[in-house]
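Novice: Sequence:
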Amino acid sequence: MPDVSVDPSVTTGPIAGSTKIYRHGVPFRRVNLTNGEHLDLYDTSGPYTDDTAVIDLAAGLPARPGVVRDRGTQLQRARTGEVTAEMAFIAEREGVPAELVRHEVARGRAVIPANHNHPEAEPMIIGKAFAVKVNANIGNSAVSSSVAEEVDKMVWATRWGADTIMDLSTGRDIHLTREWILRNSPVPVGTVPLYQTLEKTNGDPAELTWELYRDTVIEQCEQGVDYMTVHAGVLMRHIPLTVDRVTGIVSRGGSIMAAWCLAHHQESFLYTNFEELCDILARYDVTFSLGDGLRPGSIADANDAAQFAELETLGELTKIAKAHGVQVMIEGPGHVPMHKIVENVRLEEELCEEAPFYTLGPLATDIAPAYDHITSAIGAAIIAQAGTAMLCYVTPKEHLGLPNRKDVKDGVIAYKIAAHAADLAKGHPHAQLRDDALSRARFEFRWHDQFALSLDPDTAREFHDETLPAAPAKTAHFCSMCGPKFCSMRITQDVRDAMADKSREFTESGGKVYLPVVTT
Numbered sequence: 001m002p003d004v005s006v007d008p009s010v011t012t013g014p015i016a017g018s019t020k021i022y023r024h025g026v027p028f029r030r031v032n033l034t035n036g037e038h039l040d041l042y043d044t045s046g047p048y049t050d051d052t053a054v055i056d057l058a059a060g061l062p063a064r065p066g067v068v069r070d071r072g073t074q075l076q077r078a079r080t081g082e083v084t085a086e087m088a089f090i091a092e093r094e095g096v097p098a099e100l101v102r103h104e105v106a107r108g109r110a111v112i113p114a115n116h117n118h119p120e121a122e123p124m125i126i127g128k129a130f131a132v133k134v135n136a137n138i139g140n141s142a143v144s145s146s147v148a149e150e151v152d153k154m155v156w157a158t159r160w161g162a163d164t165i166m167d168l169s170t171g172r173d174i175h176l177t178r179e180w181i182l183r184n185s186p187v188p189v190g191t192v193p194l195y196q197t198l199e200k201t202n203g204d205p206a207e208l209t210w211e212l213y214r215d216t217v218i219e220q221c222e223q224g225v226d227y228m229t230v231h232a233g234v235l236m237r238h239i240p241l242t243v244d245r246v247t248g249i250v251s252r253g254g255s256i257m258a259a260w261c262l263a264h265h266q267e268s269f270l271y272t273n274f275e276e277l278c279d280i281l282a283r284y285d286v287t288f289s290l291g292d293g294l295r296p297g298s299i300a301d302a303n304d305a306a307q308f309a310e311l312e313t314l315g316e317l318t319k320i321a322k323a324h325g326v327q328v329m330i331e332g333p334g335h336v337p338m339h340k341i342v343e344n345v346r347l348e349e350e351l352c353e354e355a356p357f358y359t360l361g362p363l364a365t366d367i368a369p370a371y372d373h374i375t376s377a378i379g380a381a382i383i384a385q386a387g388t389a390m391l392c393y394v395t396p397k398e399h400l401g402l403p404n405r406k407d408v409k410d411g412v413i414a415y416k417i418a419a420h421a422a423d424l425a426k427g428h429p430h431a432q433l434r435d436d437a438l439s440r441a442r443f444e445f446r447w448h449d450q451f452a453l454s455l456d457p458d459t460a461r462e463f464h465d466e467t468l469p470a471a472p473a474k475t476a477h478f479c480s481m482c483g484p485k486f487c488s489m490r491i492t493q494d495v496r497d498a499m500a501d502k503s504r505e506f507t508e509s510g511g512k513v514y515l516p517v518v519t520t
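Each residue of the sequence shown is one higher than the last, beginning at 1 in UniProt numbering.
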């Protein structure tokens, strides 16, 4: 680990009501229920949430054994029929056959972001045949935050369930921040190399060159970045299509490349050098996240000509990348009203050979600054049900400022709700097990189990205890909303008990009674 003057530790602890277990070397979070049962949940927290309160970030995470560096990318190996160690790990984690994992990767409908130089990360998969994943953006800026704060956000984001992290650092200490994040991240890490490249030109897009960008990409590949957003789809002919937009070009990467194209009157160097870029990423098995530089930044601009022209170009680049054996996913909007959301998935799958779709929201309305984690989670649930494989979270600070730890938590939880709701709607295997377990605990007034099975056990317990903090309230058959006399579930159980008593009376008396069948 590099030497840096920050506190090298983060205070955390076990998630209430659960313990870390390993099945065949794959981590799960086991929720131990008070009725003697248990439920094993997908876990992204790495070794951080066992029973250790203080994490030594200076030590970094242990490397995963058996990383293969000389036999091609996961895509290339899947095409030859090989089930890699990463695929086997994922199959156990997702509860699906290993052959399904291999098949989806070989078809290009799923990706396994796993740079050979990031062995600290646990293998995971992004594809519509698997559980919907959530990405959390972190990273310092030129005006706020520090290395320690960003690493702290990463640790807590994965504790709350983030499946990947994107380090979007700008300003100072970009390389150092990324190094600390990578060495401590149990999940894949993505970047936008263009941001660091722009720092090398003191923020002047016109001074960017392919050579500066190429060297930055290699630097990040060597560090261990697992996937990279590349805005290679912004072409000269697309830029005039944005002139009449309400919010123009809102992607940082898209606006930088548009400025370069106009300054040089040339096609983007990312587009003209794309095949060389493919060769670089293939050496490390870094996954392309082809960026939507012309995504809509307002409801008025949704599904316009500029957005879909770029998407068509991304389809062209997808074919080139896959021909070089590089894994590819496609980034999507943005701000889109609900009735226009599904069209985005349909076109992406049609134009980009069903490469996994990775979307920011989308935000379903523009009118809720400070609540955009809610507006975007609405769109995220819809687009995930339609087939999007990974959702990029939005925090309450979207459009307003750099998020802190609480904002990161609020964003991750909102998006875990959206992702799980989509998994339920798609009939994903095992998705409903957690809902059913919590519902049974709720009906049986097992309050500790309700807390433990929730996405945020600490907050669930805090909300309950605001009005009924005493220990006996954890076994009471009511909460403070309905009180002891008006709890519908308690009344329902009384009705069931009365029906059972009446049935016994008839049986004992030799009579007969026909009652509705009730299942619990």
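Hints are computed from structural coordinates only; laboratory data are not their basis.
Among the clues, some could well be false.
Capping the alpha-carbon separation at 20 Å, the derived lysine to any residue pairs in SDA-like fashion look like this [to be verified]: (1) Lys20 to Pro457; (2) Lys406 to Leu347; (3) Lys20 to Gly72; (4) Lys426 to Glu349; (5) Lys319 to Ile374; (6) Lys406 to His448; (7) Lys397 to Glu275; (8) Lys319 to Arg346; (9) Lys426 to Lys322; (10) Lys200 to Arg183; (11) Lys426 to Asp456; (12) Lys340 to Arg245; (13) Lys319 to Leu347; (14) Lys322 to Pro337; (15) Lys406 to Lys340; (16) Lys20 to His448; (17) Lys406 to Glu349; (18) Lys397 to Ser298; (19) Lys426 to Lys397; (20) Lys20 to Leu41.
Quick list of the computed label-pair ranges, beta carbon to beta carbon [unchecked claim]: (21) Ala263 to Leu400: 53 to 63 Å; (22) Asp244 to Glu82: 17 to 27 Å; (23) Val67 to Ile491: 34 to 44 Å; (24) Ala98 to Leu455: 22 to 32 Å; (25) Asn202 to Ile320: 31 to 41 Å; (26) Pro472 to Glu37: 19 to 29 Å; (27) Ala98 to Met499: 24 to 34 Å; (28) Asn202 to Leu400: 24 to 34 Å; (29) Gly248 to Ala471: 54 to 64 Å; (30) Ala98 to Gln432: 20 to 30 Å; (31) His399 to Asp501: 52 to 62 Å; (32) Ala206 to Leu400: 21 to 31 Å; (33) Ala300 to Asp40: 38 to 48 Å; (34) Gly25 to Glu350: 31 to 41 Å.
Remember, predicted model here, so these are calculated numbers, not experimental data.
C-beta: ideal position from N, C-alpha, C; glycine also.
Novice: Work down the list of hints and note, for each, if the structure agrees.
Specialist: These are the hints, each one checked on the structure:
no.: 1; hint: Lys20 to Pro457; in the structure: holds (15 Å)
no.: 2; hint: Lys406 to Leu347; in the structure: violated (36 Å)
no.: 3; hint: Lys20 to Gly72; in the structure: violated (33 Å)
no.: 4; hint: Lys426 to Glu349; in the structure: holds (17 Å)
no.: 5; hint: Lys319 to Ile374; in the structure: violated (35 Å)
no.: 6; hint: Lys406 to His448; in the structure: violated (24 Å)
no.: 7; hint: Lys397 to Glu275; in the structure: violated (37 Å)
no.: 8; hint: Lys319 to Arg346; in the structure: holds (18 Å)
no.: 9; hint: Lys426 to Lys322; in the structure: violated (28 Å)
no.: 10; hint: Lys200 to Arg183; in the structure: violated (24 Å)
no.: 11; hint: Lys426 to Asp456; in the structure: violated (23 Å)
no.: 12; hint: Lys340 to Arg245; in the structure: holds (17 Å)
no.: 13; hint: Lys319 to Leu347; in the structure: holds (16 Å)
no.: 14; hint: Lys322 to Pro337; in the structure: violated (32 Å)
no.: 15; hint: Lys406 to Lys340; in the structure: violated (31 Å)
no.: 16; hint: Lys20 to His448; in the structure: holds (18 Å)
no.: 17; hint: Lys406 to Glu349; in the structure: violated (35 Å)
no.: 18; hint: Lys397 to Ser298; in the structure: holds (17 Å)
no.: 19; hint: Lys426 to Lys397; in the structure: violated (30 Å)
no.: 20; hint: Lys20 to Leu41; in the structure: holds (10 Å)
no.: 21; hint: Ala263 to Leu400: 53 to 63 Å; in the structure: violated (30 Å)
no.: 22; hint: Asp244 to Glu82: 17 to 27 Å; in the structure: violated (50 Å)
no.: 23; hint: Val67 to Ile491: 34 to 44 Å; in the structure: violated (58 Å)
no.: 24; hint: Ala98 to Leu455: 22 to 32 Å; in the structure: holds (28 Å)
no.: 25; hint: Asn202 to Ile320: 31 to 41 Å; in the structure: holds (32 Å)
no.: 26; hint: Pro472 to Glu37: 19 to 29 Å; in the structure: holds (24 Å)
no.: 27; hint: Ala98 to Met499: 24 to 34 Å; in the structure: violated (48 Å)
no.: 28; hint: Asn202 to Leu400: 24 to 34 Å; in the structure: holds (27 Å)
no.: 29; hint: Gly248 to Ala471: 54 to 64 Å; in the structure: holds (58 Å)
no.: 30; hint: Ala98 to Gln432: 20 to 30 Å; in the structure: holds (23 Å)
no.: 31; hint: His399 to Asp501: 52 to 62 Å; in the structure: holds (60 Å)
no.: 32; hint: Ala206 to Leu400: 21 to 31 Å; in the structure: holds (30 Å)
no.: 33; hint: Ala300 to Asp40: 38 to 48 Å; in the structure: holds (46 Å)
no.: 34; hint: Gly25 to Glu350: 31 to 41 Å; in the structure: holds (39 Å)
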